[in-house]
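Student: One letter stands for each residue in the lines below.
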Amino acid sequence: MPTLSKRIFGKEYMDSNWDTIALWMHDHGDRLARTLTVMIGDTEDAQDIVQEVFIRAYRALDSYRGTGSPYTYLYSIALNLVRSQWRRRARRPRDVEYDDHASPGYYPGPESTALSNEQAEMVTKGVRKLSPKLREVVSLFYLSGMSVEDMGEVLGIRTGTVKSRLFRAREELKRYITEEVGYETV
Amino acid sequence: MKQFDEKVKQALEASVEHVSFSRHEAVARAVREQTAAEKSSSYRLFFKPVLAYAAAFVVITTIALGGLLWVPGASAPSPHEQVITAGEIPFAAVQHLIIE
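Residue numbers (numbering that gives the first Met the number 0), protein chains in the order written: chain A, 0 to 185; chain B, 0 to 99.
A couple of the hints might just be wrong.
[Stated by the list, open to error] Quick partial rundown of chain A residues pointing at chain B, CB under 10 Å, derived from the structure:
no., residue
1, Y70
2, Y72
3, E178
[What the hints assert, rightly or not] Derived pair list, reagent style DSSO-like, types lysine-lysine, alpha-carbon separation capped at 27 Å:
no., chain 1, residue 1, chain 2, residue 2
4, A, K162, A, K124
5, A, K128, B, K38
6, A, K128, B, K8
7, A, K173, A, K124
8, A, K162, B, K38
9, A, K128, A, K173
10, A, K124, B, K38
11, B, K47, A, K132
12, B, K6, A, K124
13, A, K173, A, K132
14, A, K132, B, K1
15, A, K132, A, K162
16, A, K162, B, K47
17, A, K128, A, K162
18, A, K124, B, K47
19, B, K47, A, K173
20, A, K173, B, K1
21, B, K1, A, K128
22, A, K124, B, K1
23, B, K8, A, K132
24, A, K173, A, K162
25, B, K6, A, K173
Read the hints as simulated data drawn from the structure, not as lab findings. Here a beta-carbon is modelled for each residue, glycine too, at the ideal position from N, C-alpha and C.
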């Protein structure tokens with residue numbers, strides 16, 4: 000039976016560590032890319048970071064074995080990279096400003112059925128207006144499918160802090176939507 | 000609150016539902032390059048010094064053993080052997096043979 004590497008890439012690769020990473024890319028790659036797209040607000044940047052996450056995960060795989068779930072491991076690496084990017088960009092203030100127009104590759108999809116495109120766009124705009132700390136919590140909570148406990152582990156904060164940040168994020172989102180539209184649509 | 004969460008989740012999922020991770024090959028390439036670099040660096044860091052030390056050990060041991068076993072003049076032929084190996088019969092010997 001061919002290995003996962005062979006099935007995905009059509010040829011054999013390196014070692015068992017690589018097979019683990021190939022499996023993780025297959026299982027978690029898309030969700031990670033989506034979560035980071037919401038967190039960062041740019042699809043290409045998110046792809047760059049996810050790529051780097053798997054390269055770093057491969058390098059550090061021997062030290063990872065047996066500690067925590069792969070999911071939290073990958074998100075921890077991702078969070079470090081995102082925060083480094085934010086720090087770099089904070090030194091160049093113009094780069095961190097988000098305009099009101101959705102960045103390329105980050106827009107409400109046409110298949111959005113339960114909410115109108117307008118409502119969905121309002122929510123995504125509202126999320127982009129949040130501070131980085133709140134955006135981290137919001138994107139992990141709504142997109143990663145992670146528990147609050149796991150979020151605390153990944154973010155390096157207590158569960159209670161995760162909950163309070165989530166509460167603040169919800170309040171700010173509601174306020175933004177109400178102010179923008181004039182009444183509560185969501 | 001649950002309804003709000005549900006709607007936010009739907010909105011965010013819809014906004015990124017077209018996104019998927021597409022850089023599998025780039026990760027594979029980077030990992031391959033890294034593995035090759037690690038192999039060459041392990042050769043450089045481990046095997047190369049070991050080979051250098053082994054070569055130096057052989058040279059030094061050969062010189063040391065050679066010095067111990069060498070006896071001055073041991074390989075120099077005696078005058079008698081010199082005569083024989085030279086294939087010449089000294090005149091005195093010839094004369095002696097003639098007299099006998």
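Student: All the hints need checking, so say for each whether the structure fits it.
Tutor: Going through the hints against the structure:
no., hint, verdict
1, Y70, "violated (15 Å)"
2, Y72, "violated (16 Å)"
3, E178, "violated (16 Å)"
4, K162/A - K124/A, "holds (22 Å)"
5, K128/A - K38/B, "violated (47 Å)"
6, K128/A - K8/B, "holds (17 Å)"
7, K173/A - K124/A, "holds (12 Å)"
8, K162/A - K38/B, "violated (47 Å)"
9, K128/A - K173/A, "holds (12 Å)"
10, K124/A - K38/B, "violated (48 Å)"
11, K47/B - K132/A, "violated (50 Å)"
12, K6/B - K124/A, "holds (14 Å)"
13, K173/A - K132/A, "holds (17 Å)"
14, K132/A - K1/B, "holds (22 Å)"
15, K132/A - K162/A, "holds (12 Å)"
16, K162/A - K47/B, "violated (56 Å)"
17, K128/A - K162/A, "holds (19 Å)"
18, K124/A - K47/B, "violated (58 Å)"
19, K47/B - K173/A, "violated (65 Å)"
20, K173/A - K1/B, "holds (13 Å)"
21, K1/B - K128/A, "holds (22 Å)"
22, K124/A - K1/B, "holds (21 Å)"
23, K8/B - K132/A, "holds (18 Å)"
24, K173/A - K162/A, "holds (17 Å)"
25, K6/B - K173/A, "holds (12 Å)"
Figure legend: structure checked against the earlier numbered hints; hints not met, in rising order: 1, 2, 3, 5, 8, 10, 11, 16, 18 and 19.
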